[in-house]
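Fit chain B to the given chain A structure using the hints.
2 protein chains.
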Amino acid sequence: MAIEKILLEHGSGGQATSRLLEEVILPVLGEVPLLDSALLETQSLKGLAFTTDSFVVDPIFFPGGDIGSLAVHGTVNDLAMVGATPLFLSVALILEEGLEVATLRKVLSSLAQAAREAGVRVICGDTKVVPRGKGDKVFINTTGLGRLNAWRPAPKSLNPGDKVIVSGPIADHGLTILAAREGLGLEGLKSDSQALHRVVLPLLEEYGSRIKLLRDPTRGGLASVLHEFAAESGRSFRLEEEKIPVRPEVRAGCEILGLDPLYLACEGRFVAVCAPEAAEEILAFLKGFEATAAASLIGEVVSADDFPVLLETRVGGLRPVPPLSGEPLPRIC
Amino acid sequence: MAIEKILLEHGSGGQATSRLLEEVILPVLGEVPLLDSALLETQSLKGLAFTTDSFVVDPIFFPGGDIGSLAVHGTVNDLAMVGATPLFLSVALILEEGLEVATLRKVLSSLAQAAREAGVRVICGDTKVVPRGKGDKVFINTTGLGRLNAWRPAPKSLNPGDKVIVSGPIADHGLTILAAREGLGLEGLKSDSQALHRVVLPLLEEYGSRIKLLRDPTRGGLASVLHEFAAESGRSFRLEEEKIPVRPEVRAGCEILGLDPLYLACEGRFVAVCAPEAAEEILAFLKGFEATAAASLIGEVVSADDFPVLLETRVGGLRPVPPLSGEPLPRIC
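Going line by line, the protein sequences match chains A and B.
Per this note's numbering, the very first residue in the first sequence carries number 1; after that it's consecutive.
Per this note's numbering, the very first residue in the second sequence carries number 1; after that it's consecutive.
Bound conformation, chain A alone (with noise of 0.2 Å):
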């Protein structure tokens, strides 16, 4: 059936995001090859990168970050995504009327702080005001523009084999803004918004070349990003359960609403796929870094198979993990 209205779904980073794209945005824009940053959104631009993503997060302040500290890593990690220097950002605000200026205040000194510590320069930006009840306190949509360096991405390399390393646990950022939107009162949670460059430039300097894919598991979470790659690489994947790294308070957590860390995002994280005998070496590399000192190797590549994503679970089974289908979790970035 065609889609006929915007549902929150279409945010999700999941199927129905996919379906809008496919069947609405990228056939008008034609020329355009992409248009979401759940889709590869950068492109060379004589050794440039640029990158685009709008943050509409609720609520603006969240244990371990708001909007603004978020808007700055998002972006700095598209870019760190396809193995680019970040260096600019252009921050344009979407103020609703009504908003206390300290509260814009407190959100501006997160970004600008966020940008300092991740070495780019804001070089531009605009606001906007709107009606109250025509917007939601503050969105700011950053742009961000990079210098590429050697490293690209290989999807059509892939191999039974390789093996797919997660930087660190999952699931923290997406569970952290339910319960502080819903005032759920879990305990110990923080999201893991960070900026991954300084750990992802290096890594690819040094293991570049044994390094096929690269991604952070923003909306959609860590098995929306084994679907894309099975889709752009006609592989399949093979995780082990026990490997993937899950914080305690964020299963306990999950285990109590339901969800499954799986398709919870994380705004701090990233996977990779390397060839083998260079899997051990990396998580080793990635360990020496604070930002990513939980690394953990959680599966491997296999031959194409009717599900592109299989889970071996910790009893021993073995079960598809389907793509995200509707909306879990509204307006986590």
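Keep in mind the hints are simulated off the structure, nothing from the lab.
Everything hinted at is true.
If several chains are the same, the list does not tell them apart, and a pair holds so long as it fits within one copy or across any two.
Straight-line C-alpha distance at most 16 Å; calculated EDC-like pairs for lysine to aspartate or glutamate:
| hint | residue 1 | residue 2 |
| --- | --- | --- |
| 1 | 5 | 23 |
| 2 | 5 | 97 |
| 3 | 287 | 206 |
| 4 | 5 | 100 |
| 5 | 106 | 23 |
| 6 | 106 | 4 |
| 7 | 5 | 96 |
| 8 | 243 | 300 |
| 9 | 190 | 58 |
| 10 | 243 | 312 |
Coordinates of chain B only, in the frame set by chain A:
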């Protein structure tokens, strides 16, 4: 008194916007030279120009255009105003839950057509969905990348006697949006929204050494651009009211509504300040293009005066044109 809450007027492009920038945004984003398209919002990146704008116009369809075409024209023109050749755009959508897909398709078709006509490529994008009542149909951010050419603005080189040229009738866009939003039933109104680079770039190629300042009078209108020019140059401006082109339908509508066209937005006009000896030749050059066929020499630079912008009225008086305060017309772009 310090600003405590965001008001609609903070998005006006006038004094309230300047105060928000100066008191709240720029002090926090300390290293940021500029943070609104009302200021100069582009910067060279090794020969590149970079500019961002979010579009929140209400209604999204209006005579002469829609939010899709406007989102292309606005950003293309921001690049043209710094003398850059527009090359690439990012497009980030914030959609409200419940938006009709037919509406989205219409907006995107218009955006794609405007981009094709302007010769710019949309190369990356993002799509977010917010719940009903937390957005308004569709907001679009476009961020543009262009190649800087030789021309640079020279506000400090302004001399008394330099001429001010406007490229066509003013206030069409602003009044059209207001009339469409309020259902005023004024006849013959149509937005002037159009891309200007196909005139501006040849103009600068030919007469760049004699053109000292260039800007598009969007939010805040012609009056606001001249106040910006005055602040940047340390000079004042004297305009002749009868030389300022205003279409009869626009003049009539403004009279009925008690609006001053000097403060209403254009989205397809520019103001240039040039050396006096080149003014007539530049005017003739502009009249050779359809987009600027009604260009007019409207006044000149004078020594710094207590009033940065003075208007010789039709009846022979001289009145100061104050900076825009408050918000006559929210969400015109």
